[in-house]
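Residue strings, one per chain:
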Amino acid sequence: MTSDEARQLIRSVLHQVAPEADIDDVGEGETLQEALDLDSIDFLNFVVGLHEETGLEIPEHDYPQLSSVEGCVAYLTSAR
Amino acid sequence: MGDFTMPSLGADMEAGTVSQWLVKPGDEVQRGDVIAVVETEKSTIEVEIFESGTIDELLVHEGERVPVGAVLAHVISRAPRAVATTTSPSSVTNAVPPAAAITDTDRVTVATTVTTPTPATPHPAVLSPVVRHLAERLGVDLVTLPGSGPGGAVTRHDVEQAARRTDDEARVRTRAAERKPKSKRKVAAPPQPVHRVASSPLARRRAAELGVDLSALRGTGPHGSVIERDVQRARAPAPVEQAIPAEAEDRQAAMRRAIGALMARSKREIPHYYLSTTIDLTAAMAWLTQANVERPVTARLVLPVLLLKATACAVERVPEMNGFLIDGTFHPSEAVHIGVAVSLRTGGVIAPAIHNTARLSLDEMMTALRDLVGRARTGILRSSEMSDPTITVTNLGELGVEAVFGVIYPPQVALVGFGRVTEQPWAHDGMLGVRQCVTATLSADHRVSDGHRGARFLAEIDRLLQEPEKL
Numbered sequence: 000m001t002s003d004e005a006r007q008l009i010r011s012v013l014h015q016v017a018p019e020a021d022i023d024d025v026g027e028g029e030t031l032q033e034a035l036d037l038d039s040i041d042f043l044n045f046v047v048g049l050h051e052e053t054g055l056e057i058p059e060h061d062y063p064q065l066s067s068v069e070g071c072v073a074y075l076t077s078a079r
Numbered sequence: 000m001g002d003f004t005m006p007s008l009g010a011d012m013e014a015g016t017v018s019q020w021l022v023k024p025g026d027e028v029q030r031g032d033v034i035a036v037v038e039t040e041k042s043t044i045e046v047e048i049f050e051s052g053t054i055d056e057l058l059v060h061e062g063e064r065v066p067v068g069a070v071l072a073h074v075i076s077r078a079p080r081a082v083a084t085t086t087s088p089s090s091v092t093n094a095v096p097p098a099a100a101i102t103d104t105d106r107v108t109v110a111t112t113v114t115t116p117t118p119a120t121p122h123p124a125v126l127s128p129v130v131r132h133l134a135e136r137l138g139v140d141l142v143t144l145p146g147s148g149p150g151g152a153v154t155r156h157d158v159e160q161a162a163r164r165t166d167d168e169a170r171v172r173t174r175a176a177e178r179k180p181k182s183k184r185k186v187a188a189p190p191q192p193v194h195r196v197a198s199s200p201l202a203r204r205r206a207a208e209l210g211v212d213l214s215a216l217r218g219t220g221p222h223g224s225v226i227e228r229d230v231q232r233a234r235a236p237a238p239v240e241q242a243i244p245a246e247a248e249d250r251q252a253a254m255r256r257a258i259g260a261l262m263a264r265s266k267r268e269i270p271h272y273y274l275s276t277t278i279d280l281t282a283a284m285a286w287l288t289q290a291n292v293e294r295p296v297t298a299r300l301v302l303p304v305l306l307l308k309a310t311a312c313a314v315e316r317v318p319e320m321n322g323f324l325i326d327g328t329f330h331p332s333e334a335v336h337i338g339v340a341v342s343l344r345t346g347g348v349i350a351p352a353i354h355n356t357a358r359l360s361l362d363e364m365m366t367a368l369r370d371l372v373g374r375a376r377t378g379i380l381r382s383s384e385m386s387d388p389t390i391t392v393t394n395l396g397e398l399g400v401e402a403v404f405g406v407i408y409p410p411q412v413a414l415v416g417f418g419r420v421t422e423q424p425w426a427h428d429g430m431l432g433v434r435q436c437v438t439a440t441l442s443a444d445h446r447v448s449d450g451h452r453g454a455r456f457l458a459e460i461d462r463l464l465q466e467p468e469k470l
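In the order they appear, the protein sequences are chains A and B. Counted from 1, the first sequence has number 59 at position 60 by numbering that gives the first Met the number 0; the numbering is strictly sequential. Counted from 1, the second sequence has number 261 at position 262 by numbering that gives the first Met the number 0; the numbering is strictly sequential.
Excised from the complex, chain B in its bound form:
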């Protein structure tokens, strides 16, 4: 049985709200199917499953907000499973932990260590409500229980194991719950909190006064029983369980905080170096104009398509720019998934990926880019697009700036920026002329590459843009 967990949809995400389930228990799913819609501070994302099988049980209700790594559903796999996590991006090589694993290095361990139980530390932030309910019911102390789930999260299985070890009666109850006839499980709705909760008389009285639902609480008293303090705390919602702020302003503020935290981490941890070069785009612009004359309006290309393709092809020759740096080790990515920075008019920026950028024809790239920008604007992106960009490209030229020196999006190791296309005096073939130029910049991680390779990379982009017809 596999766990379908809340994916990390970008390194700045800590939790998400399951706004909609698109499957129900008993449904067959194929790897890559969108099975849930999740809301984050930044956008609404269709979450894909990375395993084929049958949905066994949905563990999180619609509207519930849970941390990254929390188990959302159990899936009965069709093929034997190797690893405990099901959220690896499909096209990144297996050696690379998904961006999912590095949301917060202080708290979450990377995917490669997932199978080793982490030492017993308090982990309130990586617990699903279902696990809490189960622990509460079985009287298992979560604080001392080592987790075996992603990021050391305590899973349902861990709680059940602990209960089996310590309590015969609990074991019987757990098994009764687990071994329900298959046919019945297929129609089972997400578990309802109908169980009785161990609670203190004072807690019950206080809960009645305040209108707090005891069954929804995580008890911190003996054997997980709910005590008065828990009820009091439930009135002031815990940060992770807060619903996504409904007000647009709150959401913007949350997004700003998320971006701020991630960029601060980038500036704190990544020794950036910056390079800049001016590229003659005359050939590329002329080719583009000519190509578009012959094209119907729906098939026309825009300059960013050429810039993205050239960058993707250059990346293939300078692989130090492409991949993830996790816990001091660089994991180059074989595939090139360029994250395209899209600024949102409501504020903020997101950089979802165009998958296998180097393999797409210009027409395919144009279609992909139009689709991606359109969906980024309307707020529906897919989980794989959010979690696996291997390098980011930002194009601020349309706002009129000449150059952009970007901040690398961790755990990526490079960011390419393009500025405004301007006419400049240019010496070419021994003649001085006016050419259309763009300033291309590179921000790269000195732990992975140095200026020499970075320069080679920018030169490669330049070279490729001189022969647009070959892109």
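Just chain A, with the same shape it has in the complex:
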């Protein structure tokens, strides 16, 4: 997966989880939970969304790596 593909995927999953949030305004390095006001259920739904799109299992101890768009891109592009 290229960085651009990953970025597109992340934004599309975020949009499903938080349809009312303005995802384009979120900076690459910003903490998603703060920037988008995600609670733990939203965040879980986000991880489930990434899992469903990529097939990655994403163990819970990897969650901190998914805290920003930047982090998610790095995680998804380096996986497999």
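Among these hints, one or two may not hold up.
To be verified - Cβ pair distances, simulated, as ranges: (1) B:P331 x A:P63: 27 to 33 angstroms; (2) A:E27 x B:A426: 40 to 46 angstroms; (3) A:H50 x B:E468: 41 to 47 angstroms; (4) A:G26 x B:E468: 38 to 44 angstroms; (5) A:E4 x B:G31: 22 to 28 angstroms; (6) A:P18 x B:E401: 40 to 46 angstroms; (7) A:H60 x B:T421: 18 to 24 angstroms; (8) A:D61 x B:A252: 52 to 58 angstroms; (9) B:E293 x A:A78: 18 to 24 angstroms; (10) A:E4 x B:Q29: 45 to 51 angstroms; (11) B:Q289 x A:A78: 23 to 29 angstroms; (12) B:H60 x A:E4: 45 to 51 angstroms.
These are calculated hints, taken from the structure and not from any lab test. The structure presented is a predicted model; accordingly, all values stated were derived computationally and were not measured. Think of the CB as a built atom: it goes at the ideal place given N, C-alpha and C, for glycine as much as any other residue.
With chain A held as given, fit chain B onto it using these hints.
Relative to chain A, chain B alone:
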């Protein structure tokens, strides 16, 4: 024949807009079927029917805004009916009037008094447009007519009765309308306002000038005829008939007002007492981490699931926390339906119920919670979820606060709050260590319980959370 009425989807709701009908006359419906979509200030809600039968007639058009209690449809019941209202939440015991009945105690009487006609008082806010049209057509004066519908609302039946009593000619017309052949009624669309309206010449002239549809007006002249004043008033829409504000900002403002009104009522009427305790969550967090290692991502649990389950089980042992206080009488609820406070990113908060919370396994609860939060965000909830929470839980910990002292959501009698999970120095088994802790708070109604029982309740939550594997 039963009336399907606009349900109260929370104590702060006064009116709703029928945005979509999912059934048509002649359709068979089962208890629990979603038959309409209603919009309120807060969200879009799928409204379930609490009676099995056949839809006879739809009385409100899509897009029409009507007050709580207004009749939306007539239903031919399959089973004999006991009560005049069909909107009781399914799982609350029959003794408990639905939250529907207590939107505004000044104006609406509770469901238990529904069968007694209320004294003749003006009740413009609890009239369906269809009833108004009928009254207008039959020349019945609505102001002096006692209503037998929910909350003393004047029903179609009341108007017909009144017309029969007073006017032979009206009786003939009503019966002609009512006794249409069955086959024809099954295909009948919602009644169209094609009838002629009694109106004054001045009103007609004014209506033509202003482009007002006379047939849509409620006349206040003699025998319900439309007079000039009615036409003038129609230009400035009455508050209850306004369409839901389309602009997001207006909707937010409406939601803020609705929350404000309800919370003001809570603070005015409920003698709150507040308790707080710190609970050691180390065992619960360790159990959760371990459980999630073995689970695929789609089946993982979050801490709120444990908190909700523990609260629900504790409620079963301290029933004074669970139910509704209506007109000074506490109606405990046998079932536990925890309302989960979900804050909306666009502003505002809603607290729809997870039904039978204490009976769900953690996995079922997780599924229910994910589904509920997802739907609260996208704005599609079900009527039963909105109308029957028996106690509310709010979890503001993720925003970083240590404790939340909540305002009780009337007519409920308790609210449990959980704050942020923090590491704290903690004496345990004679040793000082660092433990993960959460502050649990209780806001409860002093008219129903006192601090001693409240303390027992929080202690029970604590005890249950120490053995997460048993939840």
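Cross-check of the supplied hints:
Taking the beta carbon of each, B:P331 and A:P63 are about 44 angstroms apart, not inside 27 to 33 angstroms as hinted. Take A:E27 and B:A426: their Cβ atoms lie about 45 angstroms apart, and the range 40 to 46 angstroms holds. Here the CB-CB span from A:H50 to B:E468 is close to 26 angstroms, at odds with the stated 41 to 47 angstroms. Under the hint 38 to 44 angstroms, the C-beta atoms of A:G26 and B:E468, about 42 angstroms apart, fit the expected range.
At roughly 44 angstroms, the beta carbons of A:E4 and B:G31 sit outside the given window of 22 to 28 angstroms. For A:P18 paired with B:E401, a C-beta distance near 31 angstroms fails the hint of 40 to 46 angstroms. With their beta carbons about 20 angstroms apart, A:H60 and B:T421 fall inside the hinted range of 18 to 24 angstroms. For A:D61 and B:A252, the Cβ-Cβ distance of about 42 angstroms falls outside the hinted range of 52 to 58 angstroms, so the restraint is violated.
Between B:E293 and A:A78 the beta carbons are some 21 angstroms apart, a value that agrees with the proposed interval 18 to 24 angstroms. In this structure the hint that A:E4 and B:Q29 lie 45 to 51 angstroms apart at CB holds, the actual value being about 46 angstroms. A hinted range of 23 to 29 angstroms holds for the C-beta pair B:Q289 and A:A78, which are about 24 angstroms apart. Between B:H60 and A:E4 the Cβ separation comes to about 48 angstroms, which falls inside the hinted range of 45 to 51 angstroms.
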